[in-house]
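Each chain is listed here by its residues.
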Amino acid sequence: MRRITAAISLVLLLLVATAVAEASLLGLLVLFTSILRLYLVVEIAGHYLQMSSLNVASFLQVGIANAGTIGSFLLTLASGLGAAAYRYRRWRPVL
Amino acid sequence: MKGLLRLYPRSWRKRYGAELEDLVDQTPGGLGVALDLVIGAAVAYRDVIAGNRVLAAAGACLHGMSVAVLVQAIGFLTLILVAQRTQNSTDLSFGPFDLATVTRTGYFLHGPALLSPVNVLPLIYESWIPDAVLLVVLASALAVVLAAPRLLRRLR
Chain A
1 MRRITAAISL
11 VLLLLVATAV
21 AEASLLGLLV
31 LFTSILRLYL
41 VVEIAGHYLQ
51 MSSLNVASFL
61 QVGIANAGTI
71 GSFLLTLASG
81 LGAAAYRYRR
91 WRPVL
Chain B
1001 MKGLLRLYPR
1011 SWRKRYGAEL
1021 EDLVDQTPGG
1031 LGVALDLVIG
1041 AAVAYRDVIA
1051 GNRVLAAAGA
1061 CLHGMSVAVL
1071 VQAIGFLTLI
1081 LVAQRTQNST
1091 DLSFGPFDLA
1101 TVTRTGYFLH
1111 GPALLSPVNV
1121 LPLIYESWIP
1131 DAVLLVVLAS
1141 ALAVVLAAPR
1151 LLRRLR
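Going down the list, the protein sequences come from chains A and B.
Heads up, the first sequence is in the working numbering, so the first residue is 1 and it goes up one at a time.
Heads up, the second sequence is in the working numbering, so the first residue is 1001 and it goes up one at a time.
Just so you know, not all the hints are guaranteed correct.
[Said to hold, decoys possible] Pulled a few chain B residues facing chain A out of the computed Cβ check, cut under 8 angstroms: (1) Ala1057; (2) Cys1061; (3) Val1069; (4) Ala1073; (5) Thr1103.
[Said to hold, decoys possible] Okay, the calculated beta carbon distance ranges per label pair: (6) A/Gly27 with B/Glu1021: 36 to 42 angstroms; (7) A/Tyr86 with B/Ser1093: 25 to 31 angstroms; (8) A/Ile35 with B/Gln1026: 47 to 53 angstroms; (9) A/Asn66 with B/Ser1089: 17 to 23 angstroms; (10) A/Ile35 with B/Glu1021: 56 to 62 angstroms; (11) A/Thr5 with B/Leu1146: 33 to 39 angstroms; (12) A/Ala19 with B/Pro1130: 40 to 46 angstroms; (13) B/Gly1075 with A/Ala45: 18 to 24 angstroms; (14) B/Gln1087 with A/Ile4: 56 to 62 angstroms; (15) A/Ile70 with B/Ala1034: 44 to 50 angstroms; (16) A/Tyr86 with B/Val1043: 20 to 26 angstroms; (17) A/Asn66 with B/Asn1088: 19 to 25 angstroms; (18) B/Ala1018 with A/Arg2: 35 to 41 angstroms.
Just so you know, the hints here were simulated from the structure itself, not pulled from any lab data.
These figures come from a predicted structure and were not determined experimentally.
Even for Gly, the Cβ is constructed at its ideal location relative to N, Cα and C.
Full structure from sequences and hints, please.
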């Protein structure tokens, strides 16, 4: 039972960490949209998130498709998991 | 000054807290001592994390995610930079999956921009300089993040 609880906690923690990382990436994209005067459309599971600066004309329209959003989430998760697994396997006690 | 001792891990404070408190009492204080205490706390946390297998793996996980976020942000800016220099739309795809598309819209007007006098001005938004500056800033941040574990390991 303890192992199951630990495994579920680990999965939830990983998902929360990935969500926070993705939110920070979205924050960076909002910043870039503002600085570079872009018209950004992000598709998230059939919903569209549109970002643009008011009172300015956008020169480039950037669309991030559903596959891009999911791919980004998976890439971030895989990077975290890969780094953690590598460190866990190669860990040695500090003398 | 003693408040800075709270920055240290609890296990460390139990073992060395009283000793360090006496040492702080004997020193005149100042910015240098405060900085030493803060760096000492970072080193103590590094030792605690490095000494625990699960904590070390969790730290590596956060580090890997930070690197991934920065790499994706750099990829986004590179896509914009490439799209600025091409006449047609730029597509980014992976196999059959379309990941992102950048379309040159002319000066795409939306919302109050339609009524704004700014849309008749010669616009400088095509310039690649802001994009390049952001790219350099992100690349520097990535270099710092990649070097951070080694720098922390060297800290004594």
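Against the structure, the hints:
no. : hint                                       : result
1   : Ala1057                                    : holds, 4 angstroms
2   : Cys1061                                    : holds, 4 angstroms
3   : Val1069                                    : holds, 5 angstroms
4   : Ala1073                                    : holds, 5 angstroms
5   : Thr1103                                    : holds, 5 angstroms
6   : A/Gly27 with B/Glu1021: 36 to 42 angstroms : holds, 40 angstroms
7   : A/Tyr86 with B/Ser1093: 25 to 31 angstroms : holds, 30 angstroms
8   : A/Ile35 with B/Gln1026: 47 to 53 angstroms : holds, 51 angstroms
9   : A/Asn66 with B/Ser1089: 17 to 23 angstroms : holds, 18 angstroms
10  : A/Ile35 with B/Glu1021: 56 to 62 angstroms : violated, 48 angstroms
11  : A/Thr5 with B/Leu1146: 33 to 39 angstroms  : holds, 35 angstroms
12  : A/Ala19 with B/Pro1130: 40 to 46 angstroms : violated, 29 angstroms
13  : B/Gly1075 with A/Ala45: 18 to 24 angstroms : holds, 22 angstroms
14  : B/Gln1087 with A/Ile4: 56 to 62 angstroms  : holds, 57 angstroms
15  : A/Ile70 with B/Ala1034: 44 to 50 angstroms : holds, 46 angstroms
16  : A/Tyr86 with B/Val1043: 20 to 26 angstroms : holds, 23 angstroms
17  : A/Asn66 with B/Asn1088: 19 to 25 angstroms : holds, 23 angstroms
18  : B/Ala1018 with A/Arg2: 35 to 41 angstroms  : holds, 36 angstroms
Comparing the model with each numbered hint stated earlier shows that hints 10 and 12 do not hold.
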